[in-house]
Amino acid sequence: MSIYRDAKYADVAPAEKLRLFNEVKADFRWHHVLYGCYECGICTASCPSARFYDFSPRVFAQIMAREDIDSFYELLNDVMWSCSQCFSCTRCPRHNSPGGIITIMREVAVNNGLDSAKEALKAYSRIIYKVMSTGTQVAPDMLQPDFFPDWGPDVKRVSENLDVWRRAIPPDTLHTTELAWDVSDKTRLQLYMIFKLTGNLEMIENIDEGIYMILEEVMESLMDEKDLDIDDFENILEGEEEAEH
Amino acid sequence: MSHASNGAPTVITPPKVAERIFKRQGNPEKEDYREQLFELEAKGELEVIRVPEPYVEVETKFGRKKKIPLEHTWHHKSCGQCGHIPGYPTSIFWLHRQFGFDYFDPKDQTSCTAWNYYASSTSNPPAQASIAVRNFSQAHVDGYFPFIHCGTSYGHYKETRDQIIHFPKLREQVRRIMDRLNMPFAFPEEIVHYSEWLHVMRDRIAERKVLDLSNVTVSVHPACHYHKLIPEDAIYNDDIYNGQRTSVVTGIAQALGAKVADYSNWHDCCGFGFSHILVNRDFSRSFAAIRKIERMKEEANPDLVLAHDTGCLTTLDKSQFATRAHNRKVGIPVMSDVQFAALAMGAHPYKVCQLHWHGVDNKPLLEKMGIDHEKAWAEFEEQAEKIKSGETQFMTWEEADA
Ligand code: SF4
Ligand code: SF4
Chain W
1 MSIYRDAKYA DVAPAEKLRL FNEVKADFRW HHVLYGCYEC GICTASCPSA RFYDFSPRVF
61 AQIMAREDID SFYELLNDVM WSCSQCFSCT RCPRHNSPGG IITIMREVAV NNGLDSAKEA
121 LKAYSRIIYK VMSTGTQVAP DMLQPDFFPD WGPDVKRVSE NLDVWRRAIP PDTLHTTELA
181 WDVSDKTRLQ LYMIFKLTGN LEMIENIDEG IYMILEEVME SLMDEKDLDI DDFENILEGE
241 EEAEH
Chain X
1 MSHASNGAPT VITPPKVAER IFKRQGNPEK EDYREQLFEL EAKGELEVIR VPEPYVEVET
61 KFGRKKKIPL EHTWHHKSCG QCGHIPGYPT SIFWLHRQFG FDYFDPKDQT SCTAWNYYAS
121 STSNPPAQAS IAVRNFSQAH VDGYFPFIHC GTSYGHYKET RDQIIHFPKL REQVRRIMDR
181 LNMPFAFPEE IVHYSEWLHV MRDRIAERKV LDLSNVTVSV HPACHYHKLI PEDAIYNDDI
241 YNGQRTSVVT GIAQALGAKV ADYSNWHDCC GFGFSHILVN RDFSRSFAAI RKIERMKEEA
301 NPDLVLAHDT GCLTTLDKSQ FATRAHNRKV GIPVMSDVQF AALAMGAHPY KVCQLHWHGV
361 DNKPLLEKMG IDHEKAWAEF EEQAEKIKSG ETQFMTWEEA DA
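Chain order of the listed sequences is W and X.
So for the first sequence, the UniProt record's numbering puts the first residue at 1; every next one is plus one.
So for the second sequence, the UniProt record's numbering puts the first residue at 1; every next one is plus one.
To be clear, the hints were calculated from the coordinates, so they are not data collected in a lab.
Some hints could be false.
List time: in silico SDA-like cross-link candidates among lysine to any residue, alpha-carbon distance up to 25 angstroms [to be verified]:
#	chain 1	residue 1	chain 2	residue 2
1	X	363	W	13
2	W	156	X	376
3	X	363	X	376
Chain X with its partners taken away, still in its complex shape (with noise of 0.2 angstroms):
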């Protein structure tokens, strides 16, 4: 402790959240990651994806412009998001489909792999890089851009890049292995997650929003994987937290009218843990509901938290029923950036945004949000008996639209 001239020590209180002051510095000299891929390719040692037109330019972490393309997008969907929140990638494409955008949703895509490789470490460089580049390869063989939905995904392929722009030994690996596939070698000149595309849709979703969220305070967490990862080709805007935090997640929320409240523990990540979910789960849930959620609780209050990775979502959404039994000040709704602008577009709330998936009840919510849902679970009730009875098999876009 320190000690004032009279000797008396001194106390210092910490700022009151609210009252936090947020304001950015200069910007540290970066390699540029995409001239070194442009490098490589003169001399012939790999293919640049290009971004395609039409796209958005929009400032990083440190000041680069970073392309952000609206459409002619692959979908790299994440291992973890399918299972427990479909509603998630559902969502994308819904937007997509709104716009008219046109996108591809590949079967020759298999997961990035680093929820295994950080878990377990039953793997190793080598077959990490090449499934990254045989995703990318076939996305430019499929003739477009790959767009990534997962937050870790979107970090470990950043790793990735830089390795096989570093390293001469782990791309002459990579290119013997493309050989044996009859695979080419390419790779994107950004690696492009699909909060960066909400956020430069922003205004224009905004612009045709259906409800009114003014009431609706959300709190934010970021996934570690998105900004602490290889930070540096994450989107920041001067607009947004002065620039000290990253800008997605928050910016779309601003842009539909919700208010964001800040908490103490932004930074902190969700408790995850790849094994740890699965099988310390002790942990995830102690961590996501005491160091997270309760955070929130007692400092911002939120109606909903929004986040944009699939392990996020589903540690701080699933961690809540068990600590609520230990009267833990825990309940409150968790739904990806995606989900809630769709909402807000006017998606189904069941048939598209699929929220009949998640764990802590959101009914409260929706009413806030004006949205009827006794409703609408009579309708996705209706069209899920239609497949049960064998009337149709599956479920359309046009009757998730109805």
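For reference, chain W alone in the conformation it holds in the complex (with noise of 0.2 angstroms):
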């Protein structure tokens, strides 16, 4: 029975959740992030989105001490997107992680290809595409107007001297407008290689595949300019992870 008074999911299967629960306490981490929970709340008085969601990385920790499969099924479903990953719940005196148990929850979600992930990650997709492509995050010409209109006038300026003012940087990385830092192909490539063999593009075909799609598309063409073969670098743990399950 799921604590909350208005559960959810009751049509879906136990097996079902049951499934995703294991799958979480799986991970090689599982026993570095729960050790049991005293319930005194400390982790989310210093939590920030327990600020503002209706969200609590102490009900995260009781849930899967107690192994409630109904109630992980809806915090792996509802609220736990809002966490922000700051680990401000480390300070934990049992030595649990909260935010710890939500990577990998969040893990299980994209590996399954979850609504609940596909949902919160809509708005997200092109950042993916940017650090799986170049290792670069927060590109200068993202910084336009109408995508930051709550952060002032300052970004119209910004944008309308991007050009010059990154050339008016000293450092000789940091002249790029694309990306945060320029980043020779040689280190792109091999990026996407590691991503490839750890299976990481597979996960974004499960949340986004028009983004998946672009993504080979992309550093293909760019690997057939190097001269790399492509069918070279498939997944290489793929294996050994079938072997033992």
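Join the two chains into one complex using the hints; note that each chain is given alone, in its own frame.
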């Protein structure tokens, strides 16, 4: 039974909830993020997200320690994405990391292509593309006034002067506008290979097929340009995962 | 509510912020990851990148000595700082140049990609660890020691270090990936944040100070991922908050002669939240303005907020514009400890510290610091004009120092 009075997801089969719960528990970090819970609330007292959302790290620790799969399923599908991943909750006297529990839960949600994960990441896809293709995240050309109206008129001033102002920064690596700094092609490709070799591209495919396709196309043509064999870089961790299950 | 012996409720008045007493207690036992890395190296599992000489030893939270290198550093930039706050890496480089220190600003570097990982979880530990090791190994190949600019990279790499030490299977996975990339498996002896370097350099920087900062009051916001995420090798010092809080940021501000004012929400996060700053900005903004900036204003009334992570700087700075419209008590300039230190040593506020990228009006602060911002802006504009007209392509370090 869920702890929530307005319990949702009663129609989801308990076996499915248990499967996802067991996937969280099977993560190698599991025994380092939850040791039990005093229910003292220290984590929640220091949690930024608890101030502005209907969200509490203590609830995550309690539910997971009690192995309450109905409530787990609700957390997984509803409030989990409110966590700021600041790890203020690591001040837990029991040495739990509620933020760490949430990291694992989010990975399970993404790996399983849950709708809640797709929804939470909808507005975020462009960033995923940027970081996975370049390794840099906040590019100067993202500073557009229509995207950041609440940051005031300075955003407009920056975007109007962007090219010149970027070139008026002394270190050579910072003269770019499309990247946070100039990243060599070799390094971009190595990053892409890491994502390929560790199955990260499939994770993207689960969440946003469109972004996945663009990413594959752009990076594979860069690989082609550099005469690298694409098929040579399939997920090398996959075989061992399968053997284990 | 508790009751006194006569049955009347006891009212507990918390001490005023300024009267808080900090006292360091005993040191808990902690494993020594450095020894563990050397053991792994002895078994041939990885190569430890030694902290190069000259280095300074400082005390960590639980009393271990940590080596902070002064030079031969490979500058691991942050995926966020260069987009919004380019004066932050520029000031780090500028200070290195002023002291004649050898450093390397690589292009063979990716970000740690932890921002994306904390925001979206579209990655996994083998990938995150391989990205860390690839960057570290590249630094090693280049002959330099990794030097981390970002608080989140610093914290995340320490999580990664923990996993690499404790999980042989993950280590094996990373090794196979490094083999595929034709890279060695190298890991640094210490993970060093730039603020730690600034901390050990604070007296040398103060010696070369050209501004009187005694009438400047600052409040400090330390980055969560610096002192909360794997906290044991963050720097603590008995002379600063009696070792009860990390001494970075505060230490340099004090050494430069500024007044550091405490406030009750020192420990709180800035509200950045990774995906939140981009797609749930109302949350980031509310937390930053109401929970941090307003408290600082009410309790400390500082001229300036000093932070040392790109996410914190962005959130605290950019969140103030919209909240001002709601008559909230905001309006405090925000910069990094290293920009402040560079200004104190006479760096150009626009050509080096790049303060024109910041949102909150910092002109009154510059005036208080004795900086002629109008003249400085005219000088910057002159340089920008040369680039615009095609006379030069970029601003050089020599021009920035002129
Ligand atoms: S990591 Fe998440 S749960 Fe923990 S304090 Fe931060 S926002 Fe709260
Ligand atoms: S997780 Fe830790 S801090 Fe939070 S309620 Fe449980 S014991 Fe207390």
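A quick look at each hint next to the structure:
no.: 1; hint: X:363 x W:13; result: violated (61 angstroms)
no.: 2; hint: W:156 x X:376; result: holds (22 angstroms)
no.: 3; hint: X:363 x X:376; result: holds (11 angstroms)
When each numbered hint is compared with the structure, a violation occurs for hint 1 only.
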